[in-house]
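Please arrange chains B, C and D on chain A, whose structure you already have, making use of the hints.
There are 4 protein chains.
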Amino acid sequence: MDSCRIDIRVRYAEVDRMGVLHHSRYWVYFEMGRTELLRRRNVVYADLEREGVFFVVAKCAAKFLAPARYDEVLMLTTRVVRTGRARIDHAYELKRAGDGVLLATAETTLACVDGDGRVRALPPAVADAPENT
Amino acid sequence: MDSCRIDIRVRYAEVDRMGVLHHSRYWVYFEMGRTELLRRRNVVYADLEREGVFFVVAKCAAKFLAPARYDEVLMLTTRVVRTGRARIDHAYELKRAGDGVLLATAETTLACVDGDGRVRALPPAVADAPENT
Amino acid sequence: MDSCRIDIRVRYAEVDRMGVLHHSRYWVYFEMGRTELLRRRNVVYADLEREGVFFVVAKCAAKFLAPARYDEVLMLTTRVVRTGRARIDHAYELKRAGDGVLLATAETTLACVDGDGRVRALPPAVADAPENT
Amino acid sequence: MDSCRIDIRVRYAEVDRMGVLHHSRYWVYFEMGRTELLRRRNVVYADLEREGVFFVVAKCAAKFLAPARYDEVLMLTTRVVRTGRARIDHAYELKRAGDGVLLATAETTLACVDGDGRVRALPPAVADAPENT
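Protein chains in written order, with numbering that gives the first Met the number 0: chain A, 0 to 132; chain B, 0 to 132; chain C, 0 to 132; chain D, 0 to 132.
Same shape as in the complex, but just chain A (with noise of 0.2 angstroms):
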């Protein structure tokens, strides 16, 4: 079970004419949800890229259910559901968190990348994640 919860404000430049969060949004969202869960194991981002280590978003798809609108808190679940050798797959789940109604869920993969946009092996920290063992 190696998922991590985080809560999300919606910010009022976030949201469009329509007055709810632009689809375009959820995709930064989702990468704190990524972020957010290799800090709980104690991985920074931005050491890893400091180190040589980039992740780039190799393929995304999200179904949007309800609106999230601007001032609501949101609470999103994320979660790996696959890691190979050069790649990880996360799950993603948004709800509302005043009533928990579910707004959007969503998958990316990431394909693990040097300085120079080449493949390479996810680092041993990332890898050696407890959903893997």
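A pair counts as met if it fits within one copy or between any two copies, since identical chains are not told apart.
Below, in silico cross-link-like pairs of lysine to any residue (SDA-like), each with a Cα-Cα straight-line distance of 20 angstroms or less:
id, residue 1, residue 2
1, Lys94, Met74
2, Lys62, Arg117
3, Lys58, Met17
4, Lys58, Leu101
Since the hints were made in silico from the structure, they are not lab data. Model, not experiment: these values are computed from the prediction.
Only chains B, C and D this time, still in chain A's reference frame:
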């Protein structure tokens, strides 16, 4: 054959620390593609909204094949792949203008809703598009 | 003394190619500061808008003294410096939480308008704030 | 007379709940103005960065006179107003293309720094601009 090609230059504020277009921004480009595709049919999306017709993204998926970099000019091709009573599916191809390399492909499903977020039929100007006849 | 301090962690999608917070994003943070300052007075900005009270930025100025970096936690202090019949001036100080270094200072002037964009008097809940008495 | 005019269409993802361009996005447009002004002089900012020359915004100020709306085409005029050993001041005027109404004016001061963030002299291609002779 109902598609539309637009050129987009990657802005400084759109690239991340790796110097490449952040994956969240592609969706902003794809939305621009949809707006221009409508305009080719003499439909202005801003007018639709004034008449109480809104499109919300219900589903999306993308593959990122190669990075887009700051100041590069990209060619985005947007086309309608399917139209239902209250939904439209689009497909997108994003290439680098300089050498034609394919950078990303994506698909979205839009739902047509009214001002209160209730599903409604596509307006005739959108439903009667060439690809549906 | 009517001010409010919030902590904000810099998101990956907010930094640019130089690895530092893009200057356009500071305004998003300052807006968050204003929202939280109102909340401390039990005013929810989303409610104000529902009642036809909108604040628009009429003027702004900032000095950027030192860069804010990805994943750093920042401390933002927001305070009201002046209130007129239909305007509020705020001042902002953004520091790095780790060492207290001052990163940026800024000021904004907000105009209070109705749903049609016409200037209107501040609502009592905002006008009668402690700093005006 | 060293200035440059570009047209920019307001994107859906750039307007807020009021349907108007969010004040944080103007800075993205002004940055585009600077990039194009350099390009007119055959200077590509991406190349400058590759050579270790970076411009950082040290100071900025803006007045927002009238709202810019989704899908409107705007005309941005960018000009250099002053050049120092290691700094450049720009002024901006943003008008609505349709009727020429002035929407915003702004000024920025950029500092020229090297890859480590240390102040350095402007490169000759930028310092020797017509307005300095």
